[in-house]
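**Q** The two chains are supplied separately, each in an independent frame; assemble them into the complex guided by the hints.
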Amino acid sequence: MKISLNWVGDYVDISDLSADKVAELLSLHTAEVEGVETFGESIQDVVVGHVVQCGQHPGADKLSLTLVEYGGEEPVPVVCGAPNVREGLKIAFAPVGSKLPGNLKIKKAKLRGEVSRGMICSERELEMSDEHNGILELPEDAPIGERLIDCLGMVDSVLELDNKSLTHRPDLWGHYGFARELSVILDRPLKPLDLEVAWPTNAGDWKLKLSDAEGCPQYGAVEIDLGGTPGLAPAWMRNRLQAVEQRPVSDIVDITNYVLLEIGQPTHAFDADTLRGRAIEVRAAQDGERFTTLDGVERTLDQNDLVIADGECSVALAGVMGGLVTEVTDSTTKILLESAVFHPTRIRRTAQRLALRSEASTRFEKSLDPAYTEQATARFTKLLLDMRSDAKVLSAPQVEGDSNAPHVVVQLDPARTSQLLGIEMDRAAMTGILQRLGFGVEDQGQELAVTVPSWRATKDVSMAIDLVEEVGRIYGYNRIQAAPLDAPVTVPVQQPLRLLGHQLVQRLVNSHGAFETQSYSFLDNAWANRLGLTRKDFVCIGNPVQAEVELMRRDPIPSLLEQAVGNLRENPVGRLCELAKGYEPVDGALEPQERRWLAVVEWTGKDTPREGQESLFARLRGVSQDLMRSLNLLDNLKVTPVSAEDSLPAWAHPVQSLNYHVGETFLGWSGRVHPQLQAELEFERADVGILLLDLQALAQVAEQAEAKFTAPSKFPGIKVDIALALPQAVAYDDVVGAIRKSGGKFLDTLELFDVYTGPGLEDGQRSLAFRSLLRSPERTLSDKEERKFLQKMEQVAVELGGNLRS
Amino acid sequence: MRNRLEALCRDGIAAVAEAQNADALQEVEVHLLGRNGALTAQLKGLGKLSAEERPAAGKLANEVKQALQKALEDRRAAIDKAELEEDLAGNGIDPTLPGSPMPVGGVHPVMAVARELEDLFSSMGYVVWDGPEIETEAHNFDDLNIPGDHPARESHDTIWMEDTPEDGRLCLRTHTSPVQVRALQKFGAPLRVVAPGRVFRQEAQDATHEHTFHQMEGLVVDKGIGVPHMLHAMNSMLEGIFGRKLETRLRPGFFPFVEPGFELDARCPFCKSGCKVCKGSTWIELMPGGLVHPNVLRAAGVDPEVYSGFAFGLGLSRMAMLRYGIHDIRWMMSGDLRFLEQFPA
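Chains A and B supply the protein sequences, listed in that same order. Each step along the first sequence adds one to the number in my numbering, with nothing skipped, and position 775 is 775. Each step along the second sequence adds one to the number in my numbering, with nothing skipped, and position 66 is 1066.
Since the hints were derived computationally from the structure, they do not count as laboratory data. Careful, some of the hints might be misleading.
What the hints assert, rightly or not - Straight-line C-alpha distance at most 30 Å; calculated DSSO-like pairs for lysine-lysine:
1. A:K21 - B:K1223
2. A:K99 - B:K1276
3. A:K459 - B:K1223
4. A:K784 - A:K741
If we strip away everything but chain B, and leave its shape as in the complex, we get (with noise of 0.2 Å):
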């Protein structure tokens, strides 16, 4: 027994040193120390022992035991600290693979612009509106004060929709404006409203024409509007998509559904002596703005004499091209994923 219990011992440490790690560690201890363990095993065996015998073996089994747990305690700190050591090594990972794959989209650049503006003028109170693609003649030139023979109307600029009787023709809206007349009529006033949205005109393509392109319009009319408010408006515009303040100034610009126009300039935001972008001038030409003509709050009903407004108008696909840098204008309806994958949502 004693014999037995001692060679156990032995054997015991032996295998224990020999585990390699903490699974083999495991199966060692079980088949030392489990319920079928060697150990179990000669201790079942004490029964048998005479009473004189049977102190000094239990006794003996007890440090054999003991001995096994040490070495157990032993081996086990040992391998942890091993394989920590190793872990912290870095376990032969080459950290310079590139990450998983995870689904990659993006937004539309000139969708992004708009979405951002939209999001600066809710946050301003404004009420965001959008009005018809295909738009009436009434809307899209009389309301907005625009003569009936204005050279605008004609085919070589504005699309026309077939078979339309001569009072009721219809077009493809020209710009964002008609929805002054549209938001005023359904919201009246005092408002505040961004009208993103597609527009269309009669162009020949090339890097800086489109027949389809997208504007955003302003507008705020209420008692005591001025010049200073839609200065502040439009500030507040080019703050939202340059995400810095921009020297700007007004001068003057002729749009018929305003007056008085204008043509806001921004000190060029790419650079401090003139550059291609500002052909030198270190000033671009931004945004046309001007007071709401009388007869457009008129044809909104709206009553010139109480209220006043302004309203701007805003190239989101121009905007977009100068804030990421595009330069052909034809990139931004082409769908082409070469153009979409440079710009992640």
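Same shape as in the complex, but just chain A (with noise of 0.2 Å):
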């Protein structure tokens, strides 16, 4: 919203602050200033000029040539083609050199043949209206060579306020709440809005009927005549209006504008010639029903619309606009003027349903103090009467309905509103800043008994700590000193899923190379499909951010999958990993599940191998494994391939995918994506793999993996190389496993260090080479033990098909 200063200023003396002063004060006291304008910058290069010749120009019957005096230098030779250019005229007058709105900048130039040296301007040229007829005439008494801006009292300063920190003051709609705001930060008097008239005592004889009291309980309504059609407002309104960028339309329309900008309550000017039967009815719209609002777009209305009818039909819209057929136009003689209570809910979700808020229904959705009703009705006459002198109220203002803000009372105690605050003020200080903001206050000895101003009490203001923030306000936030809690501190509780996700991410990130990430929750509904399921297995979103992306993702995979084809272009290889949440719903409970996942995704272009040779199902392998073992968990981690029976995710490789266990708790996955689906995703050019696992699970199992020392053996060890030649079908585990099982109590490790296929050995054999340690806590072992073991070995390789190379 914009605030005018010079606006303001009619109601609190601020002429000694600067613009930028005042800013600040909003902004520390009461909401946030945005920025601060100059109201007629654009136009601050026009000056006041007189016509001191007029002529036919030679070459264009319709321009006239004149001889324009501009203040100091000689009179020059102007180009004009209004028909209302004449000798003798104060017009505004942009000299060669000056800049007008829209960037134009006037030069030196010739029309038919004739020098022109600047241009002499209409309203619209200067963006002070759409007049375009004629050129502006100034006052016979306007000093030559004075800027326009000073000439016309266009100078102001414009504050720009954020419209969301005056969501919950109702008061702050219009330039009277903000006077008020200023003379309580400012401890100087606040002056009363002029609302003197002298009312007719006829009693008005429109039938005023509230149907539906709910939307609106109170309606009020004056019959006025204009004493003639509608006219330009004066030039100060204009300049008003134009400052906080309210464009002027005719007096009575700027009126209505200027009474809401002022107090903050709309009201609406009907041709009360066109109104039918002398009746006003405030009634739900029909549904379906069809209105034509005043900016001559066709609407279907609904039952939960507000509208007003005249006898006949209806003819506003209620709180958001009036209606096209009775809107005041050129030939409007007589309005009934109408200030009203609207339900503040029922005002906002029309105006949101038709996309049309509008300043007035943006202020009945504040929900207003129903005494505005009253001063805006006064003060709408009390301005046309100024301004208009035939005109005429016709009968007592009538009101149907009765709406008051509630009474409030609250009860404050001041020890505690200074400790809230952390500041030393006392209650006479407090009773001051209170009584200055319109609460009334009574002193009770311990407690103030404090009563709400209607225009705060609507919905602002209602309990004690609502007026700890007033005191504070204007006492100023920033006054508060830092002070650190006094509390003991005591070891904060943990959460166990939290801290491991942050230790395996970092081993991720140090140890692998990975890129932790973050994708988002939502899935594109063609993935149900791809991951095999329907949309039952998913959480869904019911008003999506994109169409079609409704499902909430069970885990983190398919997302990865996405950034990772995102990312194949320009990185044809990488690892990113991500902690993140998982949903899903659960029969038969309302609220879904939500699974704590690890995610890593990578990637290998096919034409760009990675260091190293081994695969990428096997880096996965080694990564899950390195895992496992920083939280100690290696020893008890049962690695195995997935199986026909395992139910497996669709992402997941039918067979070049692994398990990953301990004991009888399941961990999670890792292993190739399915070629379909990389396929799918036009990822023809690169090899994908994926490790998910679920963190309640590893939480589960790694709370117990505590690791314990085992002093080394005091006796060396014997290493002993061996390879074994056997058939390709034998599955590393069962050879591991056949090894460890004869292979005696004194075997220690044992580590895989060759896989060899080719020269040397038979058709569809393997040889799998290992480095063995033989040792004992006891005693230095023997060349006996060591030959022992390659006997057993041997007869391990034998049983499995093949033979010890020697």
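**A** Here it is as structure tokens:
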């Protein structure tokens, strides 16, 4: 919202303060000021000119050739096309070198052969109104050469307020509210609104009917004879309106806008002669009812909307916008002025549904003080009568219904107030602040009984803490000094899942070159199919941010795969990891289950081999095992290839995938991505693998997995290298199992160091070479034990269908 | 014999002189003095000499041995010296060659900020807690004193789950504030807690708007808590993020779940007299906060007559943007390595 400081200055003296200072005061005590503008800046080069000569342009019928005097220099020749230009006229003159709105720069020009050194401006060219039938005529006594904005009193500073910081303050939707704030902040007197009207004593004869008392509890109307048709509002009013970016229309419309911007109460002027039956009914709209608002748009209403109807049909969309048929026009001579109380939420919903947020609806939705209605009627009438001497109020204002702000009295404990704010303030100072803000204060000894003024009582202030805010903000929050807590510190409770997640991510980042990412929780509907699932397997969004992206992911793999695809072009190799939640619907429960996952996605472009030869599959197993090792789970970890009976997520490769368990607890998977999915995601040029671990399960098993120290043997061990040539079909796991089983009690570590196929082996054979360590905690082993071990290994090899290579 | 020994000595010293490195010298030494070396062979011949010849020959043999040993020692010292000199001269290595490749990874900038702050607040005795991302309307709105007809609840601001009953609607939490009530319900008062996490809004994306971003909530409830304590916690947080104390100021702000509500501004950490970030004002708005509204305490089962508290909310995404100079929030959720690579862990 924009606030003119000239306007505020009508009610509180701020003439000694710069606009920046006022902005700072309001920001620190009331609401955020987002900017300070200078009104009139765009036409500050324009000066008062005097047409000293005016004659026919020799080369064009419709043009005049004038001589304009504008101070200091000699009069200059100016070509002008306006019909009202004439000798002796004072005009708005833009000399050569000046700038006009729209970045127009005035240059010396030749028009039909005649030199023109400047431009005589119309109101439209000055962006003062749409008037462009002729040039702006200035008063005869306007001083030649003076800046137009000074001459017309257009110099103003305008503050731009952040509307969001005003939502809870219905009293701040007009200039008067800001004047009140400044009067309190500065401790200066607040001048009252001029509402003096000599109302006629005869009662009005309009039949007012409130058929929807919730929607409209009070409706006021007054009929006024304008004593002519609408004209132009005085310059001072138009300047004010323009300063706050309200376009002047006609004096009648301008006054309604002026009152709205001054008090905050929207009013509406109907052309009284277009209303039928001298009747007004406020009622709910009919479902499907069509209505054309004064912007010319036909709108379809429903029963939650509120309309104003005359004796026959709807004439206004209550609280939002008037109707086209009954609006004030050039030929209007009588108006009916409406000033009413409308239900805030009803108005907001209508404005929102119709995408028609107006100045009126924005205010009604804030819960305005009902007392504003009467003030607005008076203020409108006062301004109108001052501006139009022939106008006549036809009857006393009529009011149907009775709406009042709640009478709120709050008990305030000054000691607690000071303590909460952390300031030293005595009750007299506190009372002073509250009274200046309009609160009634009665000192009851221990507490203060504080009566809330009507303009703050509709929803803003209802309890003691609200008054603490009032006292604090006027005192100045920025004067409060920080202080540390003085309560004792105890060891905070830990969330083990969080720590576990951090630990594993840090390991992935530091040891495995993974980049931690964050990806969206939402999935495209197509994912349901891709994952072989249906919508009911997902928590679904009712109003997705993007059409068709309605699924909440069950785990982060799909989103990470999408990020991997996005990276492939610039980065043919990469590893991303994410700590994230998955969401699963729970049968019979309203709230879904959220599961924390640690997910890794790795890709390698087919034509860019990664360092080292091992496969993506093996690398991810290596990563998983390292993570388990870091949690001291490696000894109890069971890594098993997936089998047909496993329920495997559809993103996993049906064979090249591994299950991880500790005991009976399932921890997750690693492996390649299903080739079909890979192709569907346009991943043909890369191999993609995943690792997905369930943090809940990991936390459960990791809790018991504390490291335990065993003293190393004092006796040296014997290193024995063995190579078993075996049929390829014999799995490594089985080989290790057999070696361990037969290796005897001295077999300590066993490490695979070579896998070989090729010359020297039979077809269909492969050789697995191990480095084994034989060691006893009690003595040094001899050659005898080594020979015995080799014999056993020979047996193992034969039993597995091969032989021990020498 | 004598001639042979002298020849051995002469040839031996020549061979030693020719050895160019430690390995060659070792070979020469074995050849001359080793178990099967030339001198040993000669010494074996001593036994065949007559008793008269033997002492002189033996003496000579000994002199030859000493001479050879001395030559070897000298040569070895020379070679060592040369090698040391060569080593010190740099061995012809190009010291500007790049280091060997190591695994390179990185922490997401928002998470980096979050974890730093978690550690900071943990050290001050705060519990780090979290709540669900799919939240009940009651926790996300009602308990936080947000009126039933508040615009924030509407579908242009909040992402709602499909097909939930009118009295048990679920939404994606629009802020981390529901954790205020959840944590109080779990732990009771007194309590210090921070709650980092992912939040969601119904927003069209542009450089400064995202539908998914991160916040951190802070809450302290105890007897005698007031605005100064809040200000201290907020200042500490900023010190944690920016690594130094910033001048701050409190001004009014409105949020239904606090009263009074504040905005905390800090002196722009990036300039002295106005820049793009602070839009020339030298202040930047950093954090909302306030005293916990009595209705929120009541919703959490805490008596507002006995306890008071403060809460603040921090846009983790925004802080990370400010700290690292990220001008477009859409990078955060992009997963683009060109972005992530710039934040080494």
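**Q** Work down the list of hints and note, for each, if the structure agrees.
**A** How the hints compare with the structure:
no., hint, in the structure
1, A:K21 - B:K1223, "38 Å, violated"
2, A:K99 - B:K1276, "27 Å, holds"
3, A:K459 - B:K1223, "28 Å, holds"
4, A:K784 - A:K741, "20 Å, holds"
Violated hints amount to a single one, hint 1; each of the other numbered hints is respected by the structure.
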